[in-house]
Amino acid sequence: MGDTLTIGGKTFRSRLLVGTGKYPDYPTMVRALEASGAEIVTVAVRRVNLDRTKESLLDHVDPKKYTLLPNTAACYTEDDAVRTCHLAREAGMSSMVKLEVIGDENTLFPDTEALLSAAKRLVRDGFVVLPYTNDDPIMARKLEDAGCAAVMPLAAPIGSGLGIRNPFNIRIILESAKVPVIVDAGVGSASDAAVAMELGCDGVLMNTAIAGARDPVLMAGAMREAVSAGRKSFLAGRIPKKLYATASSPLDGTFF
Amino acid sequence: MEIVVNGQPREIAPGATVASLLRELTLPATRVAVERNREIVRKPEYESTALSAGDRLEIVTFVGGG
Amino acid sequence: MAVDFRLYLVTDRDRAAGGDLLAAVERALAGGVRAVQLREKDLPGGKLHELALAMRGLTARHGARLLVNDRVDVALAAGADGVHLGVASIPPGEARRLLGPEALIGCSTHDLRELAEAMEGRADFVTFGPVYATPSKAAYGPPVGVEALRRACAASRLPVFALGGVGAENVREVLGAGAWGVGAIGAILSAPDPFAAARDLAGRVGETSDRERTGCRGKEGTP
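Protein chains in written order, with my numbering: chain A, 13 to 268; chain B, 519 to 584; chain C, 322 to 544.
In short, the hints are calculated from the structure, not lab data.
There's no promise every hint is true.
The calculated lysine-lysine pairs, modelled on DSS-like cross-linking and capped at a C-alpha distance of 30 Å, are [as the list claims (entries may be wrong)]:
id: 1; chain 1: A; residue 1: 77; chain 2: C; residue 2: 540
id: 2; chain 1: A; residue 1: 154; chain 2: C; residue 2: 540
id: 3; chain 1: B; residue 1: 561; chain 2: A; residue 2: 253
id: 4; chain 1: A; residue 1: 154; chain 2: A; residue 2: 253
id: 5; chain 1: C; residue 1: 540; chain 2: A; residue 2: 66
id: 6; chain 1: B; residue 1: 561; chain 2: A; residue 2: 76
Quick look at which bits of chain B chain A covers, simulated, 3 or more residues with Cβ under 8 Å [what the hints assert, rightly or not]:
id: 7; region: 519-528
id: 8; region: 537-550
id: 9; region: 557-565
id: 10; region: 576-582
All of these numbers come straight from a predicted model, not from anything done at the bench.
Even glycine gets a Cβ: it sits at the ideal position worked out from N, Cα and C.
Excised from the complex, chain A in its bound form (with noise of 0.2 Å):
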């Protein structure tokens, strides 16, 4: 199939991207991200356990079958969203990074300020910058513009499930796009998936979505489905809404 996505030149073939938090355990995790199809799986960088007797992530997910997309997740701060983006790259060898900086700890929504500038930063270190931003077509062409391998518009507040809350700025933001648009956070349905990937998104990315399903699998399973047809019917080009029907059957040949 030829329908690829090329983020930071490498190449894709599932516009599903998951997240590996939330999971009621690690083997419905491994499972759901099976089903799911997702090729590139976030991860969050944090203090390793010196417990040694407690599991850890990467005794579950091979990073040769997927790719680990560090996240900045809980950075509140420009500073603390570099560092972790540095010793991310340090610890995984690939400089793709989820840049996450947070403005407000109800919400979770980005401090555009922080992240623009971080994002700045990051570039100029050489790493694959995919922001987590809010629907504001502006501020997505600034962080195109400043370099960012991708742009990720919330659909609706991190966990919400409220689905996307403004399709039209959206849509906006992929009229003069670039740069891969993915929707991150906010997905709660299947459908919220198909109608991101049927406004002509490059794909989706979803955690809780997923991992607080009452059965994360299947939810998997759904999604991976959702986002496939909602790219192919965004790509066969749907039929303009009317207000008026239009017959499907001939007129000609009644014999009434």
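Please arrange chains B and C on chain A, whose structure you already have, making use of the hints.
Below, chains B and C without anything else, positioned relative to chain A:
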């Protein structure tokens, strides 16, 4: 001599290096990143970087996250 | 506060196995219950407060939420996580004003109109029922049935807990109708082994506490 690792004090032998500390902690070097006094220690330098009393080390790895 | 539980144990000391409510609830918590509603409607304020304090200690030790039915004053005095309001309680909007944005507010609903009022009053979740016939809820009239539950779940912006005769044998049906979780009274409290009953029901609804899940918790472990 005493150093601080991930916020906790720890006694180590004189002459210890980053590499020997990781071995003592049974941590595979491939899965972690090490910061010594806020400076990242690159993996090729683990064997040659000696630790000093009062050093503050952060040893991080990847954990689950969204 | 987020609705981070799927199994909601509602107390009724007359139905506790062995007549010892606190012991039965303790067994249920050990079995995996993460949220308890203290509902003893016939107790006067003072006695309810005493019981609430004991229940607060128990739930806190197990990292579980405690809500007090109807009595906002008792909930506040005992340090509960919130209140559960019935149709005859003060409106949810008033409770929210008194308790603030962080507290958990649940509302009992039996039809779409009560559900709409709960949503308008900024409650965090609702119970809906009685779905099946049940002794505790006999006062509320005949069971509303699964189809009514399905319509309520479709109409609701808030998590819906199916309540009333819900147990191991029909959990699947209510979850399939769209319920976020289930409320249980007798299924756990009256069981010969509340620990096993809780464990079984918690497993069926996929209950997992936030602490046990994979991944980092906020800023925990940041260098």
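If you draw a straight line from the CA of residue 154/A to the CA of residue 253/A, is it 30 Å or shorter?
Violated. Residue 154/A to residue 253/A sits at ~33 Å, over the 30 Å cutoff.
Would you check chain A against the region 537-550 of chain B, counting CB to CB pairs closer than 8 Å, and say if three or more residues qualify?
holds (count 5)
Counting residues of the region 557-565 of chain B with a beta carbon closer than 8 Å to any beta carbon of chain A, are there 3 or more?
holds (count 3)
Check the hint pairing residue 561/B with residue 76/A against an upper bound of 30 Å on the C-alpha distance.
Distance of about 19 Å is within 30 Å: holds.
When you check the alpha-carbon spacing of residue 540/C and residue 66/A, does it fall within 30 Å?
This hinted pair holds, its Cα atoms lying about 19 Å apart.
Quick check: the region 519-528 of chain B, covered by chain A? Criterion 3+ residues, Cβ under 8 Å.
Satisfied; 4 residues make the cut.
Need the status of pair residue 77/A, residue 540/C: alpha-carbon distance at most 30 Å?
holds, 28 Å
Can you confirm whether the C-alpha distance between residue 154/A and residue 540/C stays at or below 30 Å?
Holds, because 28 Å separates the two Cα atoms, which is no more than 30 Å.
According to a criterion of three or more residues whose C-beta lies within less than 8 Å of a C-beta of chain A, is the region 576-582 of chain B covered?
holds (count 7)
With the threshold set at 30 Å, check whether the alpha-carbon distance from residue 561/B to residue 253/A stays at or below it.
violated, 58 Å
Against the hints set out earlier in the document, violations occur for numbers 3 and 4.
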